[in-house]
Amino acid sequence: MLEEHVDLTVLNTLRDVMETEYPALLHIFIRDSQARVTDLNGLIQAADFSAASQTHLDQLGLLAHSFKGSSSNMGAAHLAQLCGELEDLVRGQGAVSEARVTQLVQDIDSEFCVVRDIFDVELQTTLASH
Amino acid sequence: MVESAPPERLTILIADDNASDRMLLSAIISRQGHEVLSACDGAEAVALFQRRRPQLVLMDALMPVMDGFEAARRIKELAGEALVPIIFLTSLTEGEALARCLDAGGDDFVAKPYNQVVLAAKINAMNRLRLLQETVLQQRDLIARHHKYLLNEQRVAKAVFDQIAHSGCLSAPNIRYLQSPYALFNGDLLLAAWAPSGNMHVLLGDFTGHGLPAAVGAMPLAEVFYGMTAKGYGLPETLREMNAKLKRILPVDMFCCAALICVNFKQQLVEVWNGGLPDGYLLHSDGRPHTPLVSAHLPLGVLSASSFDDNTQVYPFGAGDRVFLLSDGVVDSTDESGEMFGARRLQNVFVSNRNPATLIEEVQWALARFRGQVRDDVSMLEVGFTEPESLGLPSVVYTDSGDSSPLDWSASFEFRASTLKRFNPLPYLLQLLQEVHGLRQQSSELYIVLAELYSNALEHGVLGLDSALKCDAEGFALYYQQRGERLDALEYGFIRFNFQIIPVAQGGRLTVQVHDSGSGFDVQHVLALPPAIDQLSGRGLSLVRQLSDRCRWSEDGRTASVEFAWEGLA
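Protein chains in written order, with our numbering: chain A, 1 to 130; chain B, 1 to 570.
Extracted from the complex, chain A is given alone in its bound form:
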């Protein structure tokens, strides 16, 4: 169940590499990702949002690209995959479906909630063990 969201081998490697900075890494990832999800939602819920606006699509693309990278580094493979789908969608050729964008942002949001919970627990556990 947990493995579908976060790759535990990756977490083990991160713990090993980061040593004492491991909790800080978890904390920063949760904080920055939260900000990204907020930004994504903010963009598509804005009154003037249009899936036909290149500026909006570029902003979505940049956010999705960056989020994809950091999620993959943290072992959140499914979250990274959803971000990749959003990036591909907004950077693809032809008209972009606003409904599909909205759907993907919602999927990212809910996947992030799951990942965040897992990392929260991981953070508490790590801090407690020190």
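Be aware that a few hints might be false.
[What the hints assert, rightly or not] According to the in silico footprint, chain A covers these stretches of chain B (three or more CB under 8 Å from chain A):
| id | segment |
| --- | --- |
| 1 | 26-36 |
| 2 | 102-115 |
[Unchecked claim] Now the in silico label distances, taken between C-beta atoms and shown as ranges:
| id | chain 1 | residue 1 | chain 2 | residue 2 | range |
| --- | --- | --- | --- | --- | --- |
| 3 | B | THR11 | A | GLU98 | 42 to 52 Å |
| 4 | B | GLU70 | A | ASP48 | 53 to 63 Å |
| 5 | B | VAL136 | A | LEU43 | 46 to 56 Å |
| 6 | A | ALA35 | B | ALA111 | 22 to 32 Å |
| 7 | B | ARG128 | A | ALA24 | 28 to 38 Å |
Honestly, the hints are just simulated from the structure, not real lab data. A virtual CB, placed ideally from N, CA and C, is assigned to each residue, including glycine.
Since the structure of chain A is provided, determine the placement of chain B on it from the hints.
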């Protein structure tokens, strides 16, 4: 570099706007033993690069403020010639974006999620590339420094050499020449000097090899040439000394092809020795075909002193006649198909030449047309005849005060057959006379008169040669052939010099008697002849009469007596 060696500690710049990615990458790179500088956008990365000069950059492509592409471009510009590898951190998948990374100067890519092993391998590979470039640059700079050093050495060597080589009279109005400014380092050498007699000695030499090895022999050769010429030695003695010196100092595979000529303006003769240079040419003003001056000897510095041959050829040489000498590189120039320029093409230039002043240029043009390009490594030399009056006699500078000048003495010398064969006593005698301060003013005249009396005593007296032979070019050659043969075969005979110096008031007087063992000549008859200005013979006696204060011959024609007087010195 050995693969298993511990990795070098590098300073690596990481630029990524994503805090968690930056943190993770910093941790990975630090664990691998490198120092990490981190920036969160392109502008910060460029600023950090300028300040800290990291050796390698890991850079995210998409960043706010300044993206990775622009930052990469600027960093490459700042790095200049040094290779600062830039590895793009990206999960970009489209070809177009990857191409943009390369265009901006990116050297490699690393995709997210990071893999420690892949990262370490790429950093190592890029560092090897960086070190390679560094080595190449260092060696290039080293080569450039060496080159500059070498050029400077050559410049100094040339300057020193020019001081010696140009102390001569290459600028005399009867000499034209073509020589590359760096001929010294092609091994080519051109020297000209006045002898005290008013004769002119000219040498064209071509040392084996190129560069400094070819140039080192030039210095001693020039020293001998100028030293011996100034002291009044003739070609044979000078050649012997040059050969012996080069033989002694040069390695066996080094020698100097050379032609040496002596122009006697007063007697209108040219004496030539050619050892190993291409045929030179005597160009006649009267329309006769040119006479080749063929190399009849081995180059200087090859033979030991005992087997060296100093025999020279003597030719009549008058107004409008010219001697043309050239280094190899003219006739053995080849065109694209490998055909040589050859002596025939050179001679055709002589035939078609109308204006003597442009002969060297015409040879050069013919050569350039033949090869399709101009050569600047050949030397050519042309020596013409000029009336001696227009050349002016050389002045000699003395350094001593003359206070110790001997003023009342006499001395006699007798030179016998075996000495006459191989020794020229004139420079020795002249040096003795120059101890007398008052005679220095007329040392040229003194030399010419002594040389004339000596050669009369030797050739007509001791050797019994008939000057009437020298009435045409054929007889001329015969005369000099006989001279060589009779000198070689000489067993008896002598020439005596008797010098007497006496003080007269504030000045003094020198009396010289030259007595030979020959059969004498009909003094009355010869002196009654008009000065034979346009003939090949007979110049000697009128010259002696012109240049000395008094001169007379004994009745039997075996003793000549001349006087030189001088006033008190101011």
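Consistency of the hints with the structure:
1. 26-36: holds (count 3)
2. 102-115: holds (count 3)
3. THR11/B x GLU98/A: 42 to 52 Å: Hint holds: Cβ distance 48 Å, inside 42 to 52 Å.
4. GLU70/B x ASP48/A: 53 to 63 Å: violated (29 Å)
5. VAL136/B x LEU43/A: 46 to 56 Å: holds (50 Å)
6. ALA35/A x ALA111/B: 22 to 32 Å: Holds - the Cβ-Cβ distance for ALA35/A and ALA111/B, about 24 Å, lies within 22 to 32 Å.
7. ARG128/B x ALA24/A: 28 to 38 Å: Given about 34 Å between the Cβ atoms, the range holds.
The structure fails hint 4 only (numbered hints given earlier).
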